[in-house]
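> Spelled out from the first residue to the last, the chains are:
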Amino acid sequence: MKVRINPDKCTGHGQCAANASKVFELDDLGYALPFDTVIDPQSEAQARLGAAACPERAIEILN
Amino acid sequence: MTHVETAANDLYEGVPVVDFNHGVETPVLGHAQKMTELRELGPILRSSAAQGFWVLTDGEMVREMLADPNTFSSSATVATMPDPPYLWIPQMLDPPEHTAWRRLLAPYFSPGNLAKLDASVQSRCNDLLNEVVQQGGCAYRRDFADRYPTSIFLDMFGAPIEELPLFLTWEKQVMHATPDQDPDGSQQISAMMEVMGYFSELIDKRRKDPRDDIVSHSLTWEIDDKPIPTEQLLSFCLLMFLAGLDTVSIQLTYSTWHLATHPEDRRQIVENPGIIRTAVEEFLRLYSFVPPSRKVARDTEFHGVPMKKGEMVFATVSSPSHDPRMYPDPMRAQLDRQPNPHPAFGLGPHRCIGAALARRELVIAMEQWHQRIPNYRIKDGFVPLESGSMHGIKELELVFD
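Protein chains in written order, with my numbering: chain A, 1 to 63; chain C, 1 to 401.
Since the hints were made in silico from the structure, they are not lab data.
Just so you know, even glycine gets a beta-carbon here, dropped at the ideal spot from N, CA and C.
One or more hints might be untrue.
Said to hold, decoys possible - Selected chain C positions facing chain A (in silico; Cβ < 10 angstroms):
hint	residue
1	Phe109
2	Gly112
3	Lys116
4	Arg277
5	Glu281
6	Gln334
7	Gln338
8	Pro339
9	Ala344
10	Gly348
Work the whole structure out from these sequences, hints included.
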């Protein structure tokens, strides 16, 4: 499962990291660190949760 | 149950007309209920109040509008005031000017900076609760909610906490006068002028004697390699004043109203404080209260409705927060709801810069309060009311059991 954060849509709500801290991290200003990667199977559930938590719908899940 | 009226067959550009003004006083949740009723009439309506403005009731359309600052400008953000004589910086700016200000402000509200504030937030909450606990009851806003987040913010910003009563009075005049109290908005304008007069003197003081606070730092900021003109700094102070003073107080009061009137939810919080993080998010969703209206920047057709440059479009974050397509049974509180991508802090470039600080203050307050005051209810006979375009419960009288 591939997960990509669209940096143009991220406005720094921080909810991805708040809900899935093992998958998503924030930079010093509270915006998501660049993320465009294949997730290992154990992290998929967390990644889906973090993605669904984003109010901007900035996180895409591509199977 | 309020009754929505429209004149029979009264249409404006094909949409129903309603006499709708969001600022009126209602019982708690009255504003949200009104929006739900209006949604029955259609996703886009036309209000005949003031100069006339569009009303979005559909959650997805509100999201769309907030994501499109090129079409929907923040140059005016109060639907009944399309040409305001005031400027709130950066709330009323559009990208790219808006972006420059956000870059300057972001470090103060970053997770790292907030971690440094945590001890003082805890200690402020604890000090206030020490007083409140002894009283056997309280006027929640006066005794706790209006004093707790405000001191933290004023400290960070650089305005003296001793002036809090004066600031709260101004805040009410600017943000919470009802259409009856201030029909033409002139009281609001004159209160804003007083606020700016105050900050003008504060800026002069900090120029001579700078401290480690936002006001002092702002005197050194540059945009396009130039210091920021004092007039813009005043517009910035005005916005910080408005945004920082009672938003968290309002949210605390709604959450407390909920827990005072829903004992089964309060019991969950008390018995399982681990649920507090998600409960805070659910109360942010359920009691969303900010109305981010916008001004049409260019003639456009929005979902079939022709909107002209200069027209105002009313929206409230409660529409996406209560969207039944996103949240089946939207008015029911589910304290462990996860995920909860509500837009209580706004969406798009104007996402509330204080969101992380607000969240931290809300969690700490909920934890500490329920450790010390697990049982409370609304005083018999007291009827809480909400009012203001950015509506909030004005006061909440509690009795501790």
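> Hint by hint, note whether the structure agrees.
A quick look at each hint next to the structure:
Against a cut-off of 10 angstroms between C-beta atoms, the interface hint on phenylalanine 109 of chain C holds, since the closest Cβ of chain A lies about 7 angstroms away. Of the supplied interface hints, the one on glycine 112 of chain C holds, with its beta-carbon coming within about 6 angstroms of a beta-carbon of chain A, less than 10 angstroms. Annotation: interface hint on lysine 116 of chain C violated; nearest CB of chain A at approximately 13 angstroms, more than 10 angstroms. Checking arginine 277 of chain C against chain A by beta carbon gives a least distance of about 8 angstroms; that is within 10 angstroms, so the hint holds.
Evaluation of the glutamate 281 of chain C hint against chain A yields a held restraint, the C-beta minimum of about 8 angstroms falling below 10 angstroms. Hint on glutamine 334 of chain C is violated. Least Cβ distance to chain A is approximately 15 angstroms, over the 10 angstroms limit. Checking glutamine 338 of chain C against chain A by beta carbon gives a least distance of about 7 angstroms; that is within 10 angstroms, so the hint holds. For proline 339 of chain C, the interface hint holds, since its Cβ comes within 10 angstroms of a Cβ in chain A; the closest pair sits about 4 angstroms apart.
Interface hint at alanine 344 of chain C: satisfied, since its Cβ lies 9 angstroms from the closest Cβ of chain A, which is below the 10 angstroms cut-off. Hint on glycine 348 of chain C holds. Least Cβ distance to chain A is approximately 6 angstroms, under the 10 angstroms limit.
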